Each structure stands twice: as C-alpha cells, then as structure tokens.
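Chains as they are written, first to last, in our numbering: chain L, 1 to 192; chain Z, 1 to 377; chain D, 1 to 188.
Everything labelled a hint here was simulated from the structure, so no lab data went into it.
Treat the numbers as computed from the prediction; the structure is a model and nothing was measured.
For every residue, glycine included, the Cβ atom is placed at its ideal position computed from N, Cα and C.
Treat the hints with care, since some could be wrong.
[Stated by the list, open to error] Selected chain D positions facing chain Z (Cβ under 7 Å, derived; list incomplete):
#1 L58
#2 F62
#3 S69
#4 D77
#5 G83
#6 K84
#7 A87
#8 Q90
#9 V91
#10 N105
#11 L106
#12 E159
#13 L160
#14 I163
#15 N167
#16 V176
[Unchecked claim] Negatives, chain D to chain L, calculated, CB over 10 Å:
#17 F23
#18 E38
#19 Q45
#20 S73
#21 E74
#22 S113
#23 K131
#24 V134
#25 K147
#26 N166
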Amino acid sequence: MLTYKTKLIFGYKISKKAQAEMIGLVVIVIMITLGMLFLAKFALQEEPAKKIFTRKGLAYSTMSAVMKTELECIEPFDVDTQELEVQDILLEDCAKYKKPNSGGSSDYPCNGYSNSCDFLEAELTELLSKTLGVWQKDYVFSSIIVDGTTEKELVLVDSGGCGYSSERDSSGLFPIYVSDVGLVESVLYICE
Amino acid sequence: MANKRGQLTLSFNWIFVLIAGTMILLFFVGIIMKQKTVSEQKLNFDVVTVMDSILTGSTVSEQTINFVDISGLSGFELFFDCELDDGGGYEDIFAQYGITGTTASSELPMQVLFAPKTMEGNEMITWSLPYKMPFKVMDLLMVTSTSIKYYVIGGKGSDFRHDLENATSGFTIEFISDISEISAVGNLFHVRVIDLDGSTLVDGAGVPEELANAGVGVVTGVLVGSTLGQVDYFTASGDKWNRLTGAGSVPIIATGLFEKEASLYGALFAADDEVYKCNMMKAFKRYSILVEIYQNKLDSLSAYHALDGPGASKTSCKGFLSDTTGNNMEDTLSSLSGELSTCIEHGYDDCLQVEPLANQLHELNANLRADTCERLY
Amino acid sequence: MKKMNKKAQMQMLETIGVIFIFFVLILFGSIFYFKFQEISFQNKQEELLAQSAMDTTLVTLFLPEIQCSRGDSEAEDNCIDLGKVRALQQVLKENPKYLTDYYFNLFSYANISVTMVHPVEHSWTIYEFEKVGVYDNGSEYSAWDRKEATYFVVTLRDELKGIGENNEEFYNKEIVYGFGYLTVEVFS
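Only chain L is shown next, with the shape it has when bound in the complex (with noise of 0.2 Å):
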C-alpha cells in the first residue's frame, strides 16, 4: 500500500518526507541570518558625529582660552600680585628659562614656585582637572620648544590614559615665536 506522498519513479517508492524536513531547516537557517544581520548592524555602528563634534571642538576651545587667560602671581617678598596672561608672558618666560644655556633665571617665580615653568604646570594642571577632568575626559597638554630638528619640553600635563586611547583629537598647534628662543609649539589632545 502506497503512504502519503510516496510515489513509484522507475518502479521504486520515492518518499518526500525529507524535502519538508529541510523546507523548515532552511527557513530556520533564514531567520538567524536575519538576527545576526540585524545584531551586527547595531554592533558595527561608527562613531556619533556629535562625540566627534564636540571632541574636536573641545580640544581647540580649551587650547584657546587656556592660552589667553589671566594667572594671578604673587613673588617672593612682593605685596601687589600681576596678572599674567598664559601665553603672551607666562610661557614666553618659561621658554626663555628652559632654552639652553639660558643662565636658569624665570622673570616669573610666582606663587612659591621657582619658575615659571614650575608655576604654569600646577595651575594648567588644576584648570584642566576642574574641567576636563570633571567631564572623565583623558588629556594631554604639551608645550615644546622646536629648535631645527630638536625638541625640548616646555609645560606637559597628563590626566593619564591618553597613550592607551585610539580616538583622540588634538586642538592643533598653537604655536608662538619666541625671541632668542625660537618657536614654541603647544597642543592639547582630548581622548576617550
């Protein structure tokens, strides 16, 4: 007696029961393509252009007001204190007192420190804390003097975890010319 769905081909029973089997095997097989495809899309995702944005944005903000602003300093066996602006005085100063055969004298021993470089570092230090690292933000903040192919270390503010981070953005350089000196370069690199 012949069973469902067999039939005689050259004289012999050809069941199809298999041919449904795999039918609901491949259909299986389609949808977990189709959940991993939609897992991976969600996974493979870039970057948001707006963390981009802002951390380019922000790298180059801060460079810039960190530059113009105003540091209160009070010398040694000095009543009045001067207002010094970052770039223009106080690491034009630093870059003087850290050149080569300068003679190790800072027109700026502010504020207990014995130069200016010394005194810009804890008070870029602090000012970048109170933001940046507020915000969880990794930095790097460093200024150099560029002499031909040589480089000597100005200012270097690190909050740490920076060198491990691939997405970083740097504020470009701003970069001042010194007399007698020569040029100094200043960056700040933002990371996640």
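We have chain L; now place chains Z and D onto it with these hints.
Below, chains Z and D alone, put in the same frame as chain L:
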C-alpha cells in the same frame, strides 16, 4: 457507479488556495504601500532636519561661503518663504522653508535667510555675513544654488563691483559690460540680473532676447542705487521688465562703515522686496533686544565710572557714557530703543532712523577706546 | 457496506495546519520587525537629540548677546563677555516674555549656563527652559525622557574685573580674562 468525491475536493482546494492566497497577497501589498508612504515622509523629514543643521552651521561660520552637495535631492524642489501680513511689523511675519509639495517644512521665526522663492540643483551655496549696527546684531544668511545664474552689469571700476567679484568665487555669476553678453536660460533654474548703474533694469523696458519668454518668475532683477542706499526689484513678464517695488525703492539700512554690508548683499539674493523686508524685520527684533542688553551693560559701566565707583579716576569715560551735555551713549541707546520699537511695530519703512543713531553709537564707542575706557562693544 | 475513506478530511487538516504554521511565522516576523522598528526609532531619537545638542551649542557659542566683541573687528573666538551675560540675565528677568516668545524658538527645551573656574568659581544661568508637566494639583514634574549635556571651555572676559552691577564685587583681582565653561543641556 463513479465516486465524485475527489472532484469536489480538488475544486474546493483550488478555490480555497485562490481566496486565501489573494487575501495574504493583499495584506502584504497593503503593508508595503503603507511603508512606502511612511518611508517617503521619513525621508522628507530627514532632509529638513539635515537642512536645519546645515543652515545653523552655515550661519555661525560668518564670512564663509559653503558649498553643500545636494545632488541627492535632485527632483526635490526647496521653497523659502517669508511673508509679511498687512501690518508689516515683526508680529506679522510668517517664515518657513521646506520641500515643495510635501508636509516637510521648518519654520524660521528668527533666522534671517535671503533666498529665492524656490530652488533646485546639485549644489547649494550658503554665505553668512554679520549685520553690524554698529555692534553685531546677528548673522544674515544668503542661500542660493549653482543652478541660479547671476549677471552683474554696470558699476565697472566701482569698489562694490570689485568686492562682489572677489567675494563670489564659485558662484554661477558673470560680470558683464553689455546686455548682449547674456546667454539663454537653458538648464538654469533661475536667472537674476544685478544692475549697478540703472542701464538695464527700467520699468517697461525690453528684456534681453535670450531671457524673454522664460517661465513665470524664472528671470528677475535687482537694481542697486548708485549710492548703494536702495534697491528695486524687477521681474521679467514676457519680454518686458516689470518693477515690483511699486511703492518706492527699498532703502538699505546699514551704517556704511563696513566693507561688506550684510543688508546690501542680502538684498541681492532675496527673492523680492517682501522677502527682504520680512527678513530684515527679524533682524530688527533681534537688534531691539541687543540694545536693551547694551543699555543694561551701560548702566554697569556708568556705575563703575561714577564718582564713588572703582573707575572714578577715569573721568572722561563717564562723559562719553552718560554725560548730561548730550551726545552720549545713554541718550543714543535710548533713542535707538525708541526707534526700534516703532520699527518693529509698524514695519520696515519706519526703521530708517536707526541708521544715523547706529553711526552715532559707533563714534561714541571709538571715543571710549581712544580714551582707554572700557568699550561698550 | 461502503468502506469510508477519510483521506479528504486528512487533507483538510493538513492544509489548515500549514496555514496555521504560516501565520505563526508571520506573527514571529512581525514581532521581530516591530521590535526592530522600536529600537530604530529610539536610536533616531537619540541621534536627533545629539544633533539638537550640537546645533544649540554652536548657536550659543556664537550668540551676539554674550559673545566678546572687539569694536569693529571680528568677534573673539570662544570668548564670553561677562558684562553682557549679566546684562542678558537682567533683561530676561525684566522681560520673561522674551524667554517664551523669542529665545525658545532658538534654543527650545534647554538649560544654558556659564560657569567660571578661574579666578573664582561662579555660575550664571543664561537660559532655563526645562520640559515640565503639571499634575492636577498644580505641582510640576520633569517631563523629559532624555537629556544631553555638552560642555565647552571658554575664555570669560570681564572688563570691569569682577565688579558686577551696582558695583558689587564678586572677585577682587585685576583679571580681565578668566577661564570657565559653557554648559548646554538639551531635553527631549
């Protein structure tokens, strides 16, 4: 006797399959049609959202010309609208832009945008200039497209023509000496003739043959007065120029102190006088708020330089700020505030007096600077 | 007696069974699709909010009401004039209508403030318009779903060196250029 049960089963099966199959098909077709409509609406909305960001970004990048690739929008026509109701004041403005023939649009209650009524093309050009009266009021944005051609005729050797030539690199603009240099409309979406010496745009005069009988609104013109103090708008009706500013020329309200007066350049790109005045009313509203802010700042400066204030030693400063002998910042700002209130309430034609007051303010601020006083702006 | 054959009935059950399974699969597909749409929609909302945050921040940074001016020259970048900030606060306090009728069109639901870090710590709120709802008893509640905050470090210029309105002193240093940040929070 033959059994007919099988025939019945077979017919029933086919009928059942047909009905069920059709219902399922209709169900899915319905879903697809619905999704198509939703998708189109979503796309239109996305276009307007992206345009919002582009226009915001372009506005803040002042003095910069941006070329935006809109080839993805080919087939879409953008419209820019600014209407003034009968009153003509700020409260009577309705401004928006969007995609023609769809519900995708965005209102522009504050942003000043000089653009043609409609626009299509592969590349959109945005140019932002600060409107200073004499302090910066806001950025005025000009929007056009590479498919809109500008012919500038007349004013050869003038500073304005020279500045315009230098500033509009990348625009579809041609600086010509003679009307015969104008070529046919062809594939251009719009043609605008900018007449700097009054030789071409005359009410009732003939439109160049190449431009005659183009579609309605395709060919327009702006006549700039010799002193750059007023403009007239024209449109080509058939083969004749038709002056739109029937009530009189549109005065340009600017201090004349700056190389690129935003209000003048904006007039070159505005669709017509109504669009121009409508947008300028938005600028004057902003101006009135800024004047209030500066009045407040002035109060602080005056208190600072008062006899018992920390800045009392700089006696000349007080004089420029609020001296009772007249021609001081306080009185000027107060007059300006009054004129702007009238302007905002009654319309553009009542805004002309702000110009001399703005110039006065500029002079007073310069005096403050000369005397090493704190400037108002 | 005729032997009853139930083949047709079996056939019918099988057809119904197949259609039933088919609709179950359709149902699973629909659930999956609508869930995907929901997640897509939420992503879109977040994207729009981020875009709104960027746009509002840009507009605020270049707002003539607070931007540092330099006479006829171009305005100073990334600089906020504290004199104008205080004046703006006063103008908005005297004219609350400006907030609802004018600046709301610019900033929508947002909180914008300027915070000074150096030489002293102080904060000024320029614009405050949180999305709130009102209960039947009249009390308010926050009606926003998402909030996106953006921070920008800026220079704070105060030509009166810490002397505010009515000559009150909020810092006693001769500093014109201070350091601080702008906070822009947008709500959806």
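Verification of the hints:
no. : hint : in the structure
1   : L58  : holds, 5 Å
2   : F62  : holds, 4 Å
3   : S69  : holds, 4 Å
4   : D77  : violated, 11 Å
5   : G83  : holds, 5 Å
6   : K84  : holds, 6 Å
7   : A87  : holds, 4 Å
8   : Q90  : holds, 5 Å
9   : V91  : holds, 5 Å
10  : N105 : holds, 4 Å
11  : L106 : holds, 6 Å
12  : E159 : holds, 4 Å
13  : L160 : holds, 5 Å
14  : I163 : holds, 6 Å
15  : N167 : holds, 5 Å
16  : V176 : violated, 10 Å
17  : F23  : holds, 14 Å
18  : E38  : holds, 12 Å
19  : Q45  : holds, 13 Å
20  : S73  : holds, 15 Å
21  : E74  : holds, 14 Å
22  : S113 : holds, 14 Å
23  : K131 : holds, 20 Å
24  : V134 : holds, 31 Å
25  : K147 : holds, 14 Å
26  : N166 : holds, 24 Å
Of the numbered hints stated above, those contradicted by the structure are hints 4 and 16, listed in ascending order.
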